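Whenever a hint applies, use it, and build me the whole structure from the sequences.
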Amino acid sequence: MSEHGSSRAGTRFERRRAQTRRSLIAAARVILAEENALPETSIQKIAEQADVGFGSFFNHFDSKAALFDAAVADALEEYGQLLDDVTAELDDPAEVIAANVRLTIGMVETHPELAKILRHRGMAQMHSESGLAPRALRDIEIGVASGRFAVDSPDITLSAVGGALLGLLELESRHPEVAGPETSERTAALVLRMLGLSPEDADDVARRPLPQAPAARA
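Counted the way our numbering counts, the sequence shown spans residues 1025 to 1242.
Hints may be right or wrong, so weigh each one.
Have a look at the derived ranges for each label pair, beta carbon to beta carbon [what the hints assert, rightly or not]:
| no. | residue 1 | residue 2 | range |
| --- | --- | --- | --- |
| 1 | 1204 | 1058 | 22 to 32 Å |
| 2 | 1102 | 1194 | 14 to 24 Å |
| 3 | 1077 | 1183 | 37 to 47 Å |
| 4 | 1072 | 1116 | 47 to 57 Å |
| 5 | 1194 | 1042 | 33 to 43 Å |
| 6 | 1171 | 1088 | 13 to 23 Å |
| 7 | 1077 | 1184 | 41 to 51 Å |
| 8 | 1205 | 1078 | 38 to 48 Å |
| 9 | 1222 | 1184 | 47 to 57 Å |
| 10 | 1115 | 1222 | 30 to 40 Å |
Each computed SDA-like pair below joins lysine to any residue, with the alpha-carbon atoms no more than 25 Å apart [what the hints assert, rightly or not]:
| no. | residue 1 | residue 2 |
| --- | --- | --- |
| 11 | 1088 | 1077 |
| 12 | 1088 | 1110 |
| 13 | 1069 | 1183 |
| 14 | 1069 | 1088 |
| 15 | 1069 | 1056 |
| 16 | 1088 | 1067 |
| 17 | 1088 | 1055 |
| 18 | 1069 | 1154 |
| 19 | 1069 | 1054 |
| 20 | 1069 | 1111 |
| 21 | 1088 | 1133 |
| 22 | 1069 | 1058 |
| 23 | 1069 | 1145 |
| 24 | 1088 | 1154 |
| 25 | 1069 | 1043 |
| 26 | 1088 | 1049 |
| 27 | 1088 | 1152 |
| 28 | 1088 | 1050 |
| 29 | 1069 | 1114 |
| 30 | 1088 | 1136 |
| 31 | 1088 | 1038 |
| 32 | 1088 | 1171 |
| 33 | 1088 | 1150 |
| 34 | 1069 | 1086 |
| 35 | 1088 | 1098 |
| 36 | 1088 | 1130 |
| 37 | 1088 | 1042 |
| 38 | 1088 | 1161 |
| 39 | 1088 | 1046 |
| 40 | 1069 | 1151 |
No lab work stands behind these hints: they were computed from the structure. Just so it is clear, the structure is predicted and the values come from calculations on it, not from any experiment. The C-beta atom is built at its ideal place from N, Cα and C for all residues, glycine as well.
Structure, rendered in structure tokens:
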């Protein structure tokens, strides 16, 4: 085989390998979003859902735990990028935080798979180095540096804000009737007050028009 032909074959192999990995992660994300699905989920079931061979699993992951960790990271990175995109034109750090809070609370309807993964696995990712956590910490630190926020410890504040969001997602899952724009606005205002805004300023920012969120990835 010529060097050019070998290169093309290698590229095809790499594409197939990457597609298999994506299929496994996509299947794991579906399983992660299901209630109580993890304990009895076999590698065979994951491979079948991904439509790949059983042996292909071990070409990419050493265990189910490794796959699920990769799937959580993939989901939260996707959602973190979505939030970055949707708030890119906002100049006020408080408005960025408020929009992120409102969009995240609303993701139960707009991005249900991501919402379930965040609800089930979000606490363990609270201070992760990828996904939502570093972005939220960045936004808090920008607000502190600009004088918009008044907090002593951005890391502790991140824990408080993240805990509030995860608690609200859990509340919505147990009591869907509480979901809606009013709840997301009230929660955003409470978070902004936690960051040092006055009640009046927090209420005003939390009710500003919300940027349009892109559609979920197919």
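Outcome of the hint check:
1. Against the hinted window of 22 to 32 Å, the Cβ-Cβ separation of residue 1204 and residue 1058 comes to about 25 Å, which satisfies the hint.
2. The supplied range of 14 to 24 Å is met by residue 1102 and residue 1194, whose beta-carbon atoms lie about 21 Å from each other.
3. For residue 1077 and residue 1183, the Cβ-Cβ distance of about 42 Å falls inside the hinted range of 37 to 47 Å, so the restraint holds.
4. Here the CB-CB span from residue 1072 to residue 1116 is close to 48 Å, well matched to the stated 47 to 57 Å.
5. Between residue 1194 and residue 1042, the C-beta spacing of about 35 Å keeps the proposed range 33 to 43 Å intact.
6. Checked against the given bound of 13 to 23 Å, the beta carbons of residue 1171 and residue 1088, roughly 47 Å apart, lie outside it.
7. A hinted range of 41 to 51 Å for the beta carbons of residue 1077 and residue 1184 is consistent with their spacing of about 46 Å.
8. Residue 1205 and residue 1078 have their C-beta atoms about 46 Å apart, which keeps the hinted 38 to 48 Å range intact.
9. About 18 Å separates the C-beta atoms of residue 1222 and residue 1184, a value inconsistent with the hinted range of 47 to 57 Å.
10. At roughly 19 Å, the beta carbons of residue 1115 and residue 1222 sit outside the given window of 30 to 40 Å.
11. For the hint pairing residue 1088 with residue 1077, the CA-to-CA distance comes to about 15 Å; that is within 25 Å, so the pair holds.
12. This hinted pair does not check out: residue 1088 and residue 1110 have alpha carbons roughly 33 Å apart, beyond 25 Å.
13. In summary, the hint linking residue 1069 to residue 1183 is not supported, as the alpha carbons are separated by about 35 Å, beyond the 25 Å threshold.
14. Using a Cα cut-off of 25 Å, the hinted pair residue 1069 and residue 1088 holds, with the two alpha carbons roughly 11 Å apart.
15. As the CA atoms of residue 1069 and residue 1056 are separated by approximately 13 Å, the hinted pair is consistent with the 25 Å bound.
16. A distance of roughly 7 Å separates the Cα atoms of residue 1088 and residue 1067; the hinted pair therefore holds under the 25 Å criterion.
17. Straight-line distance between C-alpha atoms of residue 1088 and residue 1055 comes to about 11 Å, which keeps the hinted pair within the 25 Å bound.
18. With a C-alpha separation of about 28 Å, the suggested pairing of residue 1069 with residue 1154 is violated against the 25 Å cut-off.
19. Proposed proximity of residue 1069 and residue 1054 is supported: the alpha carbons are some 12 Å apart, at most 25 Å.
20. Note on residue 1069 and residue 1111: the hinted pairing is violated, with a Cα-Cα distance of about 38 Å set against a maximum of 25 Å.
21. The suggested pairing of residue 1088 with residue 1133 is violated, with an alpha-carbon distance near 28 Å, which exceeds 25 Å.
22. With a CA separation close to 14 Å, the supplied pair residue 1069 and residue 1058 stays within the 25 Å bound.
23. In summary, the hint linking residue 1069 to residue 1145 is supported, as the alpha carbons are separated by about 21 Å, within the 25 Å threshold.
24. Note on residue 1088 and residue 1154: the hinted pairing holds, with a Cα-Cα distance of about 20 Å set against a maximum of 25 Å.
25. Distance hint between residue 1069 and residue 1043 is fulfilled; the C-alpha atoms sit about 18 Å from each other, no more than 25 Å.
26. Taken as a hint, the residue 1088 and residue 1049 pair is honoured in the structure, with Cα atoms around 11 Å apart against an allowance of 25 Å.
27. Distance restraint check for residue 1088 and residue 1152: the Cα-Cα separation of roughly 20 Å lies within the 25 Å cut-off, and the hinted pair is therefore satisfied.
28. Between the alpha carbons of residue 1088 and residue 1050 the distance comes to roughly 13 Å, so the proposed pair stays at or under 25 Å and holds.
29. Restraint check for residue 1069 and residue 1114: not satisfied, since their Cα atoms lie roughly 44 Å apart, outside the 25 Å limit.
30. Between residue 1088 and residue 1136 the alpha-carbon distance is near 23 Å, which keeps this suggested pair within the 25 Å criterion.
31. For a cut-off of 25 Å, the pair hint linking residue 1088 to residue 1038 stands: about 23 Å separates their Cα positions.
32. Restraint check for residue 1088 and residue 1171: the C-alpha separation of about 45 Å exceeds 25 Å, so the hint is violated.
33. Our distance criterion of 25 Å between C-alpha atoms is met by residue 1088 and residue 1150, whose separation comes to about 22 Å.
34. Between residue 1069 and residue 1086, the direct Cα distance comes to roughly 16 Å. Compliance with the 25 Å bound is thereby established for this hinted pair.
35. In summary, the hint linking residue 1088 to residue 1098 is supported, as the alpha carbons are separated by about 15 Å, within the 25 Å threshold.
36. The hinted pair formed by residue 1088 and residue 1130 fails the criterion: a straight-line CA distance of about 30 Å is larger than 25 Å.
37. Taking the CA atoms of residue 1088 and residue 1042, the gap is about 18 Å. The hint holds against a cut of 25 Å.
38. Among the hinted pairs, residue 1088 with residue 1161 is inconsistent with the structure: their alpha-carbon atoms are about 30 Å apart, more than 25 Å.
39. Taking the CA atoms of residue 1088 and residue 1046, the gap is about 15 Å. The hint holds against a cut of 25 Å.
40. The hinted pair formed by residue 1069 and residue 1151 fails the criterion: a straight-line CA distance of about 31 Å is larger than 25 Å.
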